[in-house]
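K.L.:
Keeping the supplied structure of chain V fixed, place chain R upon it in accordance with the hints.
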Amino acid sequence: MTAGPASDPELLILSSLAGGPKHGYAIMQEIALFSGIELGPGTLYTAITRLVDEGWIEPAEASGRQRPYRLTGQGLDYLRQQLEKMRQLASFGLRRLRTA
Amino acid sequence: MTLRDILVRAYPRSWRKEYGEELAGVLGQRALSVGVVADVLAGALRQHLRRDAPWKICGAFLFLWTSFRLFVRSGSTDALPLVIFVLAGAWTVWRKHSGMPEAGRAAVLVAILSIVPDALSLLLYGPMPVVSPDGAVVYKWGAYISVSGVIKFGWWQYVEILPLVLVAGATLGFAGALVGKFADGIREGLRG
Chain V
1 MTAGPASDPE LLILSSLAGG PKHGYAIMQE IALFSGIELG PGTLYTAITR
51 LVDEGWIEPA EASGRQRPYR LTGQGLDYLR QQLEKMRQLA SFGLRRLRTA
Chain R
1 MTLRDILVRA YPRSWRKEYG EELAGVLGQR ALSVGVVADV LAGALRQHLR
51 RDAPWKICGA FLFLWTSFRL FVRSGSTDAL PLVIFVLAGA WTVWRKHSGM
101 PEAGRAAVLV AILSIVPDAL SLLLYGPMPV VSPDGAVVYK WGAYISVSGV
151 IKFGWWQYVE ILPLVLVAGA TLGFAGALVG KFADGIREGL RG
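In order, the protein sequences belong to chains V and R.
Just so we're aligned: the first sequence equals residues 1 to 100 in our numbering.
Just so we're aligned: the second sequence equals residues 1 to 192 in our numbering.
No lab work stands behind these hints, which were simulated from the structure alone.
Mixed in with the good hints, there may be bad ones.
[To be verified] For each label pair, taking beta carbons as the anchor points, the in silico distance ranges come out as:
#1 R:Asp-5 <-> V:Gly-55: 43 to 49 Å
#2 R:Ser-33 <-> V:Met-86: 27 to 33 Å
#3 V:Phe-34 <-> R:Val-83: 42 to 48 Å
#4 V:Arg-96 <-> R:Leu-3: 34 to 40 Å
#5 R:Gly-28 <-> V:Gly-73: 30 to 36 Å
#6 R:Gly-35 <-> V:Arg-96: 34 to 40 Å
#7 R:Ala-31 <-> V:Gly-20: 25 to 31 Å
#8 V:Arg-70 <-> R:Leu-32: 27 to 33 Å
#9 V:Arg-96 <-> R:Val-72: 51 to 57 Å
#10 R:Arg-13 <-> V:Met-86: 22 to 28 Å
#11 V:Leu-76 <-> R:Leu-45: 28 to 34 Å
#12 V:Glu-54 <-> R:Val-83: 48 to 54 Å
#13 R:Leu-64 <-> V:Gln-88: 42 to 48 Å
[Claimed, not checked] Computed far set for chain R versus chain V, every beta-carbon distance over 12 Å:
#14 Thr-2
#15 Tyr-19
#16 Glu-21
#17 Gly-25
#18 Val-37
#19 Asp-39
#20 Arg-50
#21 Asp-52
#22 Ala-53
#23 Phe-63
#24 Phe-71
#25 Asp-118
#26 Ser-121
#27 Leu-166
[Said to hold, decoys possible] Reference listing, derived: stretches of chain V covered by chain R, where coverage requires no fewer than 3 residues with Cβ under 8 Å from a Cβ of chain R:
#28 69-81
#29 89-100
Where is the CB? At the ideal position from N, CA and C, for every residue including glycine.
Extracted from the complex, chain V is given alone in its bound form (with noise of 0.2 Å):
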């Protein structure tokens, strides 16, 4: 798959954690099955940081050696305005598409 705004790390990473908290390696594993990107370790956690850092997610409470991670509210607020500019961008990409 090539890179583009449905690859960004960190888009998929809120968009996984938009379905209830999750530990690093359940994101990787469910953002493989829905979008078929393999992130690596390194990516996983270099936007794990930054999405931290940022406020838009925060640790839950730790479960052994994993520690889960949840959306905070401007988290969320964020997803959504992120995936309703890809809504608006696809559909006007695609009616351009109808009219070539």
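P.N.:
Using the frame of chain V, we list chain R on its own:
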């Protein structure tokens, strides 16, 4: 120590405190291919760039650069250290909203790190012969006689003498601080 431990230790200590155990857990659940190792090392580099003090990053870069030049016995003029001194000052101000003294201090620390390979080489092996641009053999810590028989003093040799390096570092760090303050002002203006 396993490869997984080494990969986790490649990250800055402050990052490892927060995420190190989780990363180790994820690495333990998958095979370490070349791609995964490269991905983790790239992540470690990004975290160092984000978290480490600018003087450490600039100093490490110049340390490697000076070592490389020593290794290949390069005698050409090299303005890169001066650019990095300015960068260290500007970056310190930009990152920490700090003032001129901190920027100057950062550039001086970078300058000290940049001459460590030369100083070690001098202590261990004595003056190191290198080849100057005009083909003459140069001893890095002194004047040299060019192929035309003229005594020459390359400026780059002078800036590697400790006191001058420190003065150059501080001065260029202050210059960098001005650049950083200007950039910081624009950033704040855009935010406001």
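K.L.:
Run the structure past the numbered hints and jot down the numbers of the failing ones, going up.
P.N.:
1, 4, 10, 12, 15, 16, 17, 18, 19, 20, 28, 29
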